[in-house]
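A.B. asks: So the chains spell out like this:
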Amino acid sequence: MTPASIQSERVPAGWQHRHLLDLERLTGDEIRLLLDTAALFKEATDNCRRKLTVLTGSTVVNLFFENSTRTRTSFSLAARRLGADVVDFSASTSSLSKGESFIDTARNLEAMGIDAVIVRHSTPGTPHLLAQHLDVGVINAGDGPHEHPTQGLLDIFSIRERLGDLRGVTVGLVGDIAHSRTARSNLWGLLKLGAKVILCGPPTLVSHRWRELGVEVSHDLDDIVPRCDVLNLLRIQFERQNTRPFPSVREYAHLYAMTSDRLTRAKPDLLILAPGPINRGVEMTAEVADCRHSLILDQVTNGLAVRMGVLWLTCGPREPAAARTHGQPVSDTRSHG
Amino acid sequence: MTAATGTLLLRGGRVVDPAQGIDRIDDVLVRDGKVVVIGQSHEAADATIDAKGLVVSPGLIDMHVHLREPGREEDETIETGTRAALAGGFTSVACIPNTEPPIDTQAAVEFIRQKAARADTCNVFVVGCVSRNREGKELAEIGRLVEAGAVAFSDDGAPVYDAELMRRAFEYCRMFDKPILAHEEVLELSRGGVMHEGLVSLVLGLTGMPAAAEEVMIGRDIALSEVTGGRLHVMHVSTAAGVALIRAAKARGARVTAEACPHHFTLTDEGLRGFDSNYKMSPPLRTSADVEGIIEGIVDGTIDCIATDHAPHAPEKKMLELDRAPFGILGLETAVGLTVTRLVSSGKISWPRMIESMSTLPARILGVDRGTLRPGAVADITLIDPAMDWTVDVKSFQSKSVNSPFDGWKLQGRAVATIVAGRVKYRLGRG
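Residue numbers (my numbering), protein chains in the order written: chain A, 1 to 337; chain B, 1 to 431.
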């Protein structure tokens with residue numbers, strides 16, 4: 001495939017999934033294919049600005065049971081860049097408030113003839129349940145603290161764009177690992193691509209048990225900063241916590257905020273990511289957010305590229321005989337661009 | 001139960017009655033609903049069942065069943081729940097009082113007993129509430145509940161949270177020699193949890209319920225039982241350390257008994273990886289080390305009984321996001337198969353130990369005149385085919401609900417006939 005030929009391509013045989021539910025269950029090759037596809041779309045759309053027609057005639061639904069502005073906007077824009085129609089469906093405006101179950105809600109949407117559902121929900125596994133009950137593609141846009149595969153992919157895409165091969169690269173994920181779906185998707189993606197992962201934060205947010213997956217767990221940011229090629233600074237999710245896992249924001253920031261002072265002890269070409277929205281002064285100081293190391297705005301653009309790639313791989317035209325996961329044959333009666 | 005009239009002969013089965021130390025091939029003769037004799041009989045019986053190749057057991061007793069009636073008849077009723085019991089080989093169940101309203105008055109006990117009599121299925125022994133309205137604030141009228149027929153006391157579904165109230169309950173129940181069946185959970189530690197706290201919950205991003213939430217409360221209740229001399233029965237023990245606490249308490253001579261559920265010696269938290277709410281129960285499925293600990297406890301007798309915690313939920317309630325779906329798993333119709341397959345066929349426990357844990361000891365703990373085939377005893381008898389291979393099919397369940405993760409499992413061992421007071425109330429394949 002090339003950027004020029006993408007308009008007439010079919011989904012490559014290396015991608016057999018109908019859904020994108022998590023990165024844990026993908027192989028390294030599948031993740032590389034996702035990233036390569038995203039790169040093609042980034043180029044073919046002139047840095048995600050130009051529009052293609054590869055999904056013209058398809059309809060995707062943003063099914064958001066949890067508030068989101070940036071992820072939903074990013075998915076909507078990505079789908080439109082590919083020519084698909086987009087419907088926004090948020091729980092607050094739906095019949096969910098009338099007691100309908102989320103599966104019935106999704107089945108109703110399915111009956112309207114859609115091709116894919118992009119789902120965000122506060123409960124882990126909800127996209128997986130939808131995938132079992134629906135006959136359309138399901139893309140996980142964040143399921144509670146479980147996974148946020150497109151966020152993981154766009155973070156890794158942004159790193160790969162700068163550093164190339166991920167093997168041997170040391171990535172520190174800092175902050176609220178316990179409640180972070182971004183952390184989990186990054187962790188799986190990075191491990192499968194051969195990176196070294198360090199999780200850093202207080203023990204109340206970073207369980208020692210992560211070590212069982214082959215990652216380093218540290219509670220000392222000053223110890224890991226000089227060793228990291230990349231730092232991904234995760235937001236403290238105050239809204240998901242039963243009891244506050246640290247005595248005060250001030251104490252947390254003292255121990256774990258990325259500051260200009262800490263930056264002086266980092267590698268000179270350190271990359272800093274943050275999935276946003278960021279709490280300036282908590283995860284990092286303002287000058288770090290805006291410094292030359294920061295990839296925060298790259299991440300936003302690359303989010304579009306990754307989501308275009310994911311949408312195309314899950315909804316795009318396939319070889320008719322292609323075998324499918326989940327035992328579901330894809331409908332090949334739809335026409336694509 | 002109305003007893004049968006006439007005679008019934010069970011011919012040539014393996015008669016296992018731990019209460020009498022019996023385990024031999026023999027006949028059992030029943031007359032007018034009572035056991036007459038274990039041994040060759042020359043009397044001509046009105047009816048005969050060929051029990052060759054079958055285990056002939058005193059009727060199985062499940063001392064932890066949620067029948068849901070009154071109040072949640074969409075999940076189960078006394079009739080459907082007791083039919084499920086019969087199909088699973090149980091001649092008696094003890095029903096847990098977390099109904100709506102809860103069973104905390106004589107009238108409520110009477111309601112259950114009348115409904116059970118009308119259903120005319122298996123025996124239903126009533127467990128009364130420890131606290132009025134199950135609120136954990138003041139004692140229910142335990143003496144009046146005993147008069148009405150309550151055999152034990154429990155606020156199950158939740159722990160008796162106030163330690164002082166629990167202490168008073170132990171003291172007060174001593175006068176009736178009734179056990180308190182305790183759901184052990186420190187709620188602050190398990191709040192918001194949907195599964196065991198461990199590596200799997202960490203990876204899935206699901207809120208965990210640490211083993212300590214159960215163990216801390218077991219420790220408290222053992223201490224309160226020891227200080228008062230009250231009888232503690234620890235329900236659904238799910239952790240290896242919980243078993244160890246009970247083992248140590250028993251070694252000190254504490255008046256403590258315990259039960260474990262088939263799902264806790266069969267499944268682990270790995271089951272949640274598919275996000276299927278049929279794997280969501282409280283206490284949650286733990287780790288393989290805990291499964292081993294539970295099995296060790298059953299083998300060495302630390303865990304006295306196997307009970308199911310049969311907890312039906314209508315499908316529309318279970319088919320929700322994991323954190324909104326209720327806790328609970330069906331148990332009655334899979335308990336024998338799981339116990340035989342996991343514990344007996346694998347050689348971990350003997351048939352007498354299995355029967356002891358599912359009949360003899362539940363009867364003893366509840367203080368009911370069941371659990372033996374002694375001459376003169378009520379003829380509650382379960383015939384089990386120990387070698388039958390069968391596949392669990394929730395669609396064929398007698399229960400009103402289908403929330404079982406064991407659907408499609410291949411199991412060995414199944415009750416083929418369930419006899420209550422001399423009447424054959426269930427025969428496999430004959431309804």
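Simulated from the structure, these hints should not be mistaken for laboratory data. Just so it is clear, CB atoms sit at the ideal spot from N, CA and C, and this is done for glycine as well. Errors might be hidden in some of the hints.
As the list claims (entries may be wrong) - Think about it this way: if two alpha-carbon atoms lie no more than 16 Å apart in a straight line, the pair counts; the simulated EDC-like pairs of lysine to aspartate or glutamate are:
{"hint": "1", "chain 1": "A", "residue 1": "K267", "chain 2": "A", "residue 2": "D223"}
{"hint": "2", "chain 1": "B", "residue 1": "K317", "chain 2": "A", "residue 2": "D229"}
{"hint": "3", "chain 1": "A", "residue 1": "K196", "chain 2": "A", "residue 2": "D229"}
{"hint": "4", "chain 1": "B", "residue 1": "K317", "chain 2": "A", "residue 2": "E100"}
{"hint": "5", "chain 1": "B", "residue 1": "K250", "chain 2": "B", "residue 2": "E296"}
{"hint": "6", "chain 1": "B", "residue 1": "K348", "chain 2": "B", "residue 2": "D276"}
Unchecked claim - Listed next, the stretches of chain A that the computed footprint assigns to chain B, with coverage defined by at least 3 CB atoms under 8 Å from CB atoms of chain B:
{"hint": "7", "segment": "36-50"}
{"hint": "8", "segment": "101-115"}
{"hint": "9", "segment": "139-149"}
A.B. asks: Against each hint, give a clear statement of whether it holds in the structure.
C.D. replies: Evaluated hints:
| no. | hint | result |
| --- | --- | --- |
| 1 | A:K267 - A:D223 | 13 Å, holds |
| 2 | B:K317 - A:D229 | 48 Å, violated |
| 3 | A:K196 - A:D229 | 10 Å, holds |
| 4 | B:K317 - A:E100 | 11 Å, holds |
| 5 | B:K250 - B:E296 | 15 Å, holds |
| 6 | B:K348 - B:D276 | 30 Å, violated |
| 7 | 36-50 | violated (count 0) |
| 8 | 101-115 | holds (count 3) |
| 9 | 139-149 | holds (count 5) |
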